Each structure stands twice: as C-alpha cells, then as structure tokens.
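Read off the chains here:
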Amino acid sequence: MDDIDRRIINALQGGFPIVERPFAAAAEALGLAEAELLARIKALREAGTISRFGPMWHAEKMGGGLTLTAMKVPAERFDEVADIVNSFPEVAHNYAREHALNMWFVVATERPERIAEVLAEIEARTGLPVHDMPKTEEFFVGLRFEA
Amino acid sequence: MSILDDIDRAIVRATQDGLPLVERPYHAVAEVVGTAPEDVMARMERLLAAGVIRRIGLVPNHYALGYRFNGMTVWDVADTDISEAGRLVGGLDFVSHCYHRPRHPPEWPYSLFAMIHARERDAADALVAEIATVLGSLSRGHLVLFSSRILKKTGLRV
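Chains as they are written, first to last, in the numbering used here: chain L, 1 to 147; chain W, 1 to 158.
Don't read these hints as lab results, they were simulated from the structure.
Since we're looking at a predicted model, the values are computed, not measured.
Possibly wrong hints are sitting among the right ones.
Stated by the list, open to error - With a straight-line Cα cutoff of 20 Å, these simulated PhoX-like cross-link-like pairs (lysine-lysine) come out:
1) W:K152 x L:K72
2) L:K61 x L:K135
3) L:K42 x W:K153
Input sequences plus hints: build the corresponding full structure.
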C-alpha cells in the first residue's frame, strides 16, 4: 500500500458518484486516471485491504431483519460451532471475542420473521443457546477509518 | 414497512457483493437487473436520499490498516438515562457504531454498545477511559470485549 492507495482509501469511504462513469469522476477528483483507480481498487480488494466496494445497504430500512447475537461456546467446540454458524448465508459478520460470551455474530435477513428461524436453527444444530440482542435504538453509525 | 419494489430488490441482489469494478458499473448492474441504466441510477439516488443506502464507497478492512484493537465497549446504563448516554457517546468522533441493545440479566447487564478501534492497546484503553469520563455516573459498570479473530465478514445478503 503506497500513498496513492492511502488517498484512495481515505477519499472513497463514501460519496462515490452515481453517474455513467463514476470511476472516471472519482479518479479526476484524486488526480488519477480512470484505469489506474480501477486497477488499484481491484488490487486492494484482492489483497483484502478493502473488504467491499459498493453501496452499504441499511437492512431495516430495506424492510429486512437485523440482529446481533452472542453465544458461549466451549473452547474445544469453537471451530466446529463457527463452521456451523458461518454456513448460514444470513450470518453477515462473526467475531471471536474475549469473554464468556465468546462468539458474536450479526444476522441479516430479507424478512424480519426469518431472524427467529435462523437463531432457532443455529441453536438446534449447535445445541447451544443464542442470546439475541437486536438494537433498541441506533445513536450513531459511520466512522471512516484513516489509512 | 418496505419501500422497495421488485426492481429495487434486484438491484440490492446485484450489488450486495459490491459494484462491478468496470468503467460503467451501473450499466453492468442494469444489464443483470434487466432495466435501463438511467433507471438503476435514478433508483439508487432515491434509495441513497432515503437512507436505504447508507453510503456508496469502499469498506476498509480495519485490521489490514493496522487497527488491531477493535473493542466492543458495553455499558450498564439505566433505561431512563439511555438516550442521554447514547447521544453523548454516539457524538464522540472515535466511536464507529453506538446502539442501545436489550440487557440479558444477570449474565449481561450492559445496554449501551459503542465500538472503538485503535492501532495500539494503550490508545484503545485511552478511548475507553474517555467514554467512561463522558458517561460519568450514568454508567454503573462496563466491559471491553476485544475481537480476537474475524470468523466471517461479508456484506448483508438478502
């Protein structure tokens, strides 16, 4: 990652234009050529420096379901349970965390009713309780990271 | 509840893994969806204005940028104080997400969640201390759960 990559990451965490050739427009603002910006974003994506490029959808405003859940997984079953949890396409993120509740994952579904079904299926397949912690209120979402 | 029609949903499906990295990405989406590029762009403008699209751009892998200390800070705040506490903590410029979530007593008394990110452990600790100062007596106890491993990270899928 060089200085140009850093400028791209810092500049493009939002505000990507909706026009016929958005990479050309974004590249111009960065003083780059369209082809170079595209190639660099592809390379950053392939290297895993950026995990996504595109619209960030707001699950609840799309009419879908979204929740954060936590499980207390015995250490010797951790990988096996992670495989089961991750096999659900509705599981968007899953993090190991240092606490008795050591597995925290986000479930996003097209239909809100599907959340309860997914959690019940995970409980059935793992034999472990899932603690459901859907947000009651959102105070802030959206920090940009500095590269 | 949902303000999306079938074409909007097709756009969501076509972009949930991201925009195609080509010169005319909205045209490529339009081809998949089976509508005009102008229609895709007009719909995405509308969805962005309505907040259904939070933003369009890249999502850095914060670990790759050196943010190794990603802490979920959780605070036990009385239900009557939660709005004030959320406003205070959500307004801090280093907090990436801030939510009120249900507590699960007695195991889990925490109701206010705030995510922090730092490159060094000391810096993370300083951010937690700053939240504690801002909350003062509104917090009856707190924990920081650092993520030790990303087990899965994909975009939302519908």
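- Give me the numbers of the hints this structure contradicts, sorted from smallest to largest. Going through the list in order, the structure violates no hint and respects every one.
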